[in-house]
Each structure stands twice: as C-alpha cells, then as structure tokens.
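Protein sequence lines, in the order shown, are assigned to chains A and B.
Each residue of the first sequence is one higher than the last, beginning at 1 in the UniProt record's numbering.
Each residue of the second sequence is one higher than the last, beginning at 1 in the UniProt record's numbering.
Quick caveat, the hints were computed from the structure, so don't treat them as lab data.
Careful, some of the hints might be misleading.
One side only, chain B facing chain A, incomplete, derived with CB under 8 angstroms [to be verified]:
id, residue
1, Asn173
2, Asp201
3, Gln212
4, Ser248
5, Glu272
6, Ala295
7, Gly418
8, Gln438
9, Phe439
10, Lys451
Note that the coordinates shown come from a computational prediction; the quantities given were computed from them, not determined experimentally.
Cβ coordinates follow ideal geometry from the N, Cα and C atoms, glycine included.
2 protein chains.
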Amino acid sequence: MQMPDPSAAILSRKSSVVRRLQGVLDDDSVIHEENELRAYECDALTAYKCPPLAAVLPRTTEEVAAVLAICHEEGVPVVPRGAGTSLAGGSLPSADSVILGVARMNEVIETSYDDRFIRVQTGRTNLSVTGAVEEDGFFYAPDPSSQLACAIAGNIAMNSGGAHCLKYGVTTNNLLGVTLVQMDGTVVEIGGAHMDAGGLDLLGLVCGSEGQLGVVTEATLRILPKPEGARPVLIGFSSNEVAGQCVSDIIKAGVLPVAIEFMDRPCIRATEAFAGAGYPDCEALLIVEVEGSDAEIDEQLGVIGQIARGHDPVEIRESQSAEESARIWLGRKSAFGAMGQINDYMCLDGTIPVTELPKVLGRIRELSDQYGLDVANVFHAGDGNMHPLILFNANEEGQLEKCEAMGADILRLCVEVGGCLTGEHGVGIEKRDLMETQFAPDDLEAQMRVKDVFDPKWLLNPAKVFPLSVTEPRRAIAAE
Amino acid sequence: MQMPDPSAAILSRKSSVVRRLQGVLDDDSVIHEENELRAYECDALTAYKCPPLAAVLPRTTEEVAAVLAICHEEGVPVVPRGAGTSLAGGSLPSADSVILGVARMNEVIETSYDDRFIRVQTGRTNLSVTGAVEEDGFFYAPDPSSQLACAIAGNIAMNSGGAHCLKYGVTTNNLLGVTLVQMDGTVVEIGGAHMDAGGLDLLGLVCGSEGQLGVVTEATLRILPKPEGARPVLIGFSSNEVAGQCVSDIIKAGVLPVAIEFMDRPCIRATEAFAGAGYPDCEALLIVEVEGSDAEIDEQLGVIGQIARGHDPVEIRESQSAEESARIWLGRKSAFGAMGQINDYMCLDGTIPVTELPKVLGRIRELSDQYGLDVANVFHAGDGNMHPLILFNANEEGQLEKCEAMGADILRLCVEVGGCLTGEHGVGIEKRDLMETQFAPDDLEAQMRVKDVFDPKWLLNPAKVFPLSVTEPRRAIAAE
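Pulled out of the complex, with its shape left as it was, chain A reads as follows (with noise of 0.2 angstroms):
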C-alpha cells in the first residue's frame, strides 16, 4: 500500500510540537518515546505498521480543541483514533502525524429513559453504551462483532453495523447528535436529542466521514426498550448458493428478521473449534433471529421455516433456551478471531443487492480458484454486507500482494452487480484506490471540496477514503 512520503520538515520539529502538547495535556497523555509509540503503529488492519510522530490521550473536548490548535498552527497531520479496531487501516498513522486516542474519554454525560438517549463521551466503548441502560430494560442497536472493545467514535466514524441492523439500522439511523472539534480547534454542536434540526445536515455528513472532518468527542445516541424476547434458528444448506437463495426469499417475502447472519463451511469448522457454538455441520449456515413475544415469534419463525425448506436444508435448529441462544452469538461473534487463530486473513466489507448473493458467491468460489488462496465467508447477509475473509500466509513472500489484487477483484465485483465498496468498515486505506471503481470525477470532486472546507489543509487523517492520486497534488496546494 503506497503512501506518501512523510514531511522531513516535521519530523526534525518532534521535540517542539511535543514540548507544545504538554503545554496543554497532562504529561502522561502525550506519548512519545519510540517503544511507547508501538502501539499506536496500526490498527485491526495489522498489514500495515507505521509508529506515529506522537499520541496524546485527552481527556475533554477543551484538551481536543487544544491539541486540534496547535497541530493546525504546526500544520502537523492529526490521525484520530477509538479503540484502534478498525479493519481498513482507518487509523494507520503515518510518520509524520500525532495519534489522537479518544480511549480516556468514556464517561455518560446525560441519560434520558424518557425521550430515549444517551449522551456519552465517545472513547466509550459500544457494549459499555448498553451496559449503561440494560439494567434499566435498554439498550443501544448496533452491534458489531468487535463490541466488547470498540469506541463509540470509532462507530461513528465508519458508520458501523452488526449483526442486528438488519431490523435497527447502523450507526447512523441510531446517531441524534454529536460535539465536533473541527481542525483549528473550533467546536460545534450538531444535531441533539431532538429529532430533526434546520439547515443542513451536517450530522449525516459527519456519520461515516473517517476521521476526515474533525473529531467528534461526544454523542447522543438513540436508546431503545429491549425487545419482550428474541430467538435464534440455524438452518444449514448444502451449498453457500443455496444458502445465499434462501436469504433473498426471506427479505423477497416481507418478513422482517432482526438477523440473518452467514457462515461459510471454513468458518464453520473453525468457529466451532474455538467456541463449540453447536453448529450444524453443513456446507453454509444461516443464523436467522427474530424478536417478539412467543407468539409473535412462533409465527415469524413459521414462515422462515417454510421458506427455507422449499431450499431443501439439511438442517433447521431452532434455539431451545437463553444459554443455547447466547451460545450461538457467542460463536457469530467470535468467528473472526477464530479465523485469526488458524490463517493469516484479510477481510473484506462489500455490499450487494441481497439478490445477488448466490451469483456473487459463485464468482468469488471462482476467484478463489484463479487466485489459489481459500476464502471464508462470514458476513450479515440479510442487508447484503458480505465478509469474504480471504486466507493467507503473511510470512510468505508476495501472498500479501496476491491477497490485495483478489480483494480487489471481489470489491470491483460488489460494485459490478450494483453494490458498494463497503458497508460498515469504512474505506480506510484499504479501499482508498478502489474509490475511482464507485464514483466518478465528479463525483469524488464533490466529496472533497466538501472535505476542503472542514480541513482546508488537508491535515486530519491523512492518505485515507480518498485515492493518493487525486488528494496528493490538492495536498500539495494547501501546504503552499
């Protein structure tokens, strides 16, 4: 992954633009001895390492502001940062940048049961928004499988789904405001616990920008009551298009499930290794949840039933209990790093029309052969967000390089049959030069004037979202 060369000029200031960030930070939230730089050398993307100039840590919206200030005087790019989760390189730094953590920042501000918010600081992390309300009957939608450490920022940032937001939505469908400290240190309130405001929506605009517009530091977030009860059904296929079939027919046919999740026979074997979940043993799996009373889901899960036996399953398993139901979560959610354990793998977030998946499930089978390298596949297929997860071994001279051009591939495919490059990891670096595949000139250009007006110097999070191609001569022009 190319990069740009880092300014020469900056790094020979480190020591000064250090001195001035703990003119405004506690000592120990300004890091910046090489060992203690590690580990803010990459994120969840763990192919690419670069240790950052420097990290702070603040604490408040007033120490952001202060560090947003001094690193637009210095003209120092900043690379914020939640939990450092991402799985496209959202927070790689480069050499040259100050790392902003946000992890310090994970207080509740504010909790209305009432008009149904929370108002968090958003080091906070996602399953800690929930912790927060569920003993009071609430939680917070969006789920995604990293919730046990990801930030509330972070989510905001690649506007981040899960499993449930087939009936929820992602992040932003759940986001009512945020606090915004723009790159000269100016901050704005956007948006709030009401439900629309006037003038432009610049909290949409912020939901999913990457990093690129400023650094949000606190959020309201949409509450909901718990759901009177949910339950879970696996129902194996005897082949991933089967599978993919059956997940079309179910959305084709109006019922509204709060999951249909998918896992591929690799991901199977090794989920159940790690975390004996009780699957199927089978070719490809759906992990179909739907919420309710009793009634309510006998229904639901009747006419799920009778969809998926006309697919000829080899298996459907309704969930018996709580402890069988969290069980089969469990293993959902921890199949990436079941994954991890056995393969190198670099996983991909296209999404397609839901009608494309037994095509596109089939041509990736295909790629995978031209290719040579296995893939698994894991991925929430009710809204089309597929995770092919393409194995590789990373010691391995040039398989990291064959495993990129075949990511590449599948994402051109994704856009082909009228999908997108991603649906809730953000494009990061890793998407960055495929953004050309999805949008035009014009199109791009129309990003990114907007982009000029939040960062005329093009400062914050810096070679991501955009193509190198395209960003480096604008760079160029505002650093003059």
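Given chain A's structure and the hints, the job is docking chain B onto it.
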C-alpha cells in the same frame, strides 16, 4: 418578512436570459409573461408573494443541467420548486430569480421488488410513488398530509415526514440515492440502491438541504411490503395536557405504534364539518394506529388501551372496518385544509422531546391568551413534531405581524425545552431569522461553508434557511 432587493442589473437583462433559456428548452417550457408567472409567485405559505423573473419546466436531467449552467454564467438566482406545497416558503421566488419547476419530470425509471427500491424523476408526486407499486403489495412510507400533490423533489428538499413516520422514519430514512445537478451544471450521482457507500455521505447532506446545494432530478427510494393489517383507535381526552401525557406514556412503555396523531377541539370541529370523519366530541383526540396480524394488533391495542385508561379518557373507540379506518385518516389528512376553509392560519413545525408535550401545550395556551390569537393543534405527537396552527385574519392590519411574533415565541419555546425549529417542513423563509436561536455562530458558519462549496455564488434558493444578517455579507463578497 424582509427580502433582499432584487438586482436591477438582472431585471434589465430579463429578455436575454429568457432567450438563452429558450435556446435549451422547448418554447412551452419557458414561462416569462407576467400574467403566467403569477402561478409561481408563492407556495403554500401564501402570506408572502413575489413573481419571479421567469419559470422553466424542464423534462430531463440534461435540461436541468443546461438551465443551471446558463443561470450560473448569467449570475441569475434559481429557486427550485417541486409542487409548490411548502408551508415554510421554501420555494418563494425573488423578483430576479428563475423558478426551476420539476413538475413535468414524473416518470418511473426503474422498479425492483426483489431489492425493494423504485427510481423516479423527482417531479413525481409522493402518493403516485406508492401508486406505482401498490398493486404488487408495496408502498413508499413517508406520507405528508399533502401527499396527493407534493413532489418527491420537495420531500427530499425538506426531509418530509408524515403521520406514519413514527415507525418508518422520515424521507432521509427512505432515500437511497439521488442524481444532483450542481449550480454549474455538473451532474453527480450520490448513493444508490445499495445500502451504504464509501467516502463522505453527501446523501444525508443533500436530504433536507432545501434547494441550497443543487437540484435533485432523480431519486432512488426504498419501498416496503404492505403490512398484513393495520387498525387505528380513537382516544378522546378532557384536555390537551392529559392527551400529551398519554402520548409520552405510550412512548415510554416501549410499544411502537405506526402513528400517534393529536388533534385539539378546534381541529376536530373543523375536520368533522369538512370530512365527517366520525371523531368523538372531546377537547383532545389521539389517533393511534398499530400494524401487524390481527393477533399482534389486538395485543398492541391492549397495552395502549390500558395506558390510555390511566388518563381518564372520554372515549376509546377502535376502528371496526377498513372503511372506518380510511375515513379516520382522510379526516386527519384534510385537517389543514379544513382549518383553511374557516380561517387564515400560520402552520408551525417545531419539534420537542415527547416528555415536554404537556408543558409545551400548556405554554402555547398561555401565549394564545397573551397575543389574543386562537391556536389549533394537529400534529404527529409520537415523535414530538408539533404543528400549532395560529389563526388570524389576513385582511386585518397588523394581524400577520402579530401572528409571526407569536409563532417565533412558540418556536423559541421548542428550542428552549430541548427541541428544534422544524420537524419536516424545513426552515424556508419562515424560520430563517430564528436559526440563531438554535445554532451558535460557529455552528451556522460550518453549515454555510458547506453551502459555499456547492454554490459559491450563493445563487441557489436565495434568502432561505440562513438569516439575512449572515448571508447578505457573504452574498456581496461572492458577487464581487
């Protein structure tokens, strides 16, 4: 309402501008005779009127692009217009502007039931989108009261809602993609039938941007399968405040009706006289609708009835037939029209946290006494989107001004209790000068810098959304 002076230079060039427009459109698509321009002098906020320089009615995206390129070169302001149903003066012309009406652009371009979308030209009316798919069992969810007339273009511009948006969300939750013609005539594609796209979310930004960023000529809309069944229940109360408390309690309880509509006595009376909906005789009425199978409907209405009975209702009456349900909704949807038959009124659109309903309804009553102007209330109570109608006599000197002052007080009250100026009608000219109540200078500045990007000369839909005090200096600089 203060408007900037029209440009004498533009007015003097009218005939040459019209000739250039005639060069790219059919003759009958360029309206320039004074008597014909009367049809475009106002929208549904009829208190303000001004005939435009000219009006054009293009048929394609290419024609829209050609018109905008000419106006851009000539420095002529452009006011996009859907069906002219804006209650906020969103398409009020200035004397030196060209009205760009999309009324002739009403084709269905593509429909996919499998992937659940429809792509239409944006002049198509809201109801005829559902009309194109209902025989096949689908519908388009947002349902403004004006749905028979209003265009998708205006729905997108204002991020319109409707009675059933409590469950299905407003336009932004049902919009998948747009074709946007920018002021300089370039065309960009934003979003699409897929779930998400990489890069900056310009779709969320464009939705609700009130014609400030460009002209949306085509839209991809989410369509949904029709629910199995639906049933409204009428619940009458002895006061507005008690009805408001009941709404808040229903929402708190975690049942999610499709709609919770509120009407007070003046609206009930006018609507009964106009539409004979069979509403009970009471101070305040809720129409609560739930969806699902008969069993699901019974269960939900059971919970709602129990909550309502805790508030000492005058009457609880479930609809007994499809005909009765249709009559109940026809009444609600004609409430504005019914009020218009007996009174001049100004319709407000503030949104508040649902828990504040009883308090705000009480304060509106006090303001009504203070100003000596009656208020009728009819609104989407479930999501806190209020529509107080201030009744006045347009022919009596000073009444409009008094009405404006009272409206401003009510909207300030909405912001004060944690709400906002608009739920679904947009800011337009109506709430333009109140934006500073809601937004700090830095917040407005962030929005206007985005406007700068899309429309550097500030030609699109002038004098709307942002206060003149902040836009006029900017427009002057842009014109230099």
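Each hint, compared with the structure:
With a least beta-carbon distance of about 7 angstroms to chain A, the hint placing Asn173 of chain B at the interface is held under the 8 angstroms criterion. At its closest, the beta carbon of Asp201 of chain B sits 5 angstroms from a beta carbon of chain A; the interface hint therefore holds under the 8 angstroms criterion. Interface hint status for Gln212 of chain B: upheld, as the beta-carbon distance to the closest one in chain A is roughly 7 angstroms, under 8 angstroms. At a threshold of 8 angstroms, the smallest CB-CB gap from Ser248 of chain B to chain A is about 7 angstroms, leaving the interface hint in force.
Hint on Glu272 of chain B is violated. Least Cβ distance to chain A is approximately 30 angstroms, over the 8 angstroms limit. Hint status for Ala295 of chain B relative to chain A: holds, with the closest Cβ pair at about 6 angstroms, below 8 angstroms. A distance limit of 8 angstroms between C-beta atoms decides the matter here; for Gly418 of chain B the minimum to chain A is near 6 angstroms, and the interface restraint holds. Checking Gln438 of chain B against chain A by beta carbon gives a least distance of about 7 angstroms; that is within 8 angstroms, so the hint holds.
With its C-beta approaching chain A no nearer than about 7 angstroms, Phe439 of chain B sits inside the 8 angstroms limit, and its interface hint holds. A distance limit of 8 angstroms between C-beta atoms decides the matter here; for Lys451 of chain B the minimum to chain A is near 7 angstroms, and the interface restraint holds.
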